[in-house]
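Peer 1: Sequence:
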Amino acid sequence: MAGQPVFEVYEDRGEEWRWRLVASNGNIVADSAEGYASKQGAKRGIRCVKRIAPDAEVEEE
Numbered sequence: 005m006a007g008q009p010v011f012e013v014y015e016d017r018g019e020e021w022r023w024r025l026v027a028s029n030g031n032i033v034a035d036s037a038e039g040y041a042s043k044q045g046a047k048r049g050i051r052c053v054k055r056i057a058p059d060a061e062v063e064e065e
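The numbering of the sequence shown is our numbering, which starts it at 5 and goes up by one.
Take the hints with a grain of salt, since some may be wrong.
[As the list claims (entries may be wrong)] Label-pair restraints from in silico Cβ distances:
| hint | residue 1 | residue 2 | range |
| --- | --- | --- | --- |
| 1 | Pro58 | Ala37 | 16 to 22 Å |
| 2 | Glu65 | Asp16 | 26 to 32 Å |
| 3 | Ala60 | Gly30 | 31 to 37 Å |
| 4 | Glu61 | Asp16 | 16 to 22 Å |
| 5 | Ala57 | Glu20 | 18 to 24 Å |
| 6 | Asn31 | Val62 | 15 to 21 Å |
| 7 | Glu12 | Asp59 | 31 to 37 Å |
| 8 | Glu65 | Glu15 | 29 to 35 Å |
| 9 | Ile32 | Glu63 | 18 to 24 Å |
| 10 | Glu65 | Ser42 | 30 to 36 Å |
| 11 | Glu63 | Arg24 | 30 to 36 Å |
| 12 | Pro58 | Val10 | 15 to 21 Å |
| 13 | Arg17 | Glu64 | 20 to 26 Å |
| 14 | Arg24 | Glu61 | 22 to 28 Å |
By construction, these hints were calculated from the structure, which means they are not laboratory data.
Since the structure is predicted, the reported quantities are computational estimates derived from the model, not experimental observations.
All C-beta atoms, glycine included, are put in the ideal place defined by N, C-alpha and C.
Input sequences plus hints: build the corresponding full structure.
Peer 2: As structure tokens, this is what we get:
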């Protein structure tokens with residue numbers, strides 16, 4: 005049985021905090037484009053994505 009999608013917060017090799025969104029099948033479907041100085045900063049980034057994503061438009065090039 006597949007799990008639920010989850011945001012993972014982790015420290016990278018450069019000692020910056022990042023997040024990634026992992027789908028229920030285990031694939032990474034999104035990640036932070038920037039590193040954060042703190043774990044709390046990465047969590048704020050997740051909250052921002054959750055807040056603005058429902059209203060985001062799709063742009064095609």
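Peer 1: Would you mind marking each hint as holding or not holding in the structure?
Peer 2: Hints, verified against the model:
no., hint, verdict
1, Pro58 to Ala37: 16 to 22 Å, "20 Å, holds"
2, Glu65 to Asp16: 26 to 32 Å, "29 Å, holds"
3, Ala60 to Gly30: 31 to 37 Å, "24 Å, violated"
4, Glu61 to Asp16: 16 to 22 Å, "30 Å, violated"
5, Ala57 to Glu20: 18 to 24 Å, "23 Å, holds"
6, Asn31 to Val62: 15 to 21 Å, "20 Å, holds"
7, Glu12 to Asp59: 31 to 37 Å, "24 Å, violated"
8, Glu65 to Glu15: 29 to 35 Å, "34 Å, holds"
9, Ile32 to Glu63: 18 to 24 Å, "22 Å, holds"
10, Glu65 to Ser42: 30 to 36 Å, "34 Å, holds"
11, Glu63 to Arg24: 30 to 36 Å, "22 Å, violated"
12, Pro58 to Val10: 15 to 21 Å, "18 Å, holds"
13, Arg17 to Glu64: 20 to 26 Å, "35 Å, violated"
14, Arg24 to Glu61: 22 to 28 Å, "23 Å, holds"
Going down the numbered hints, you'll see the structure goes against 3, 4, 7, 11, 13, while the others check out.
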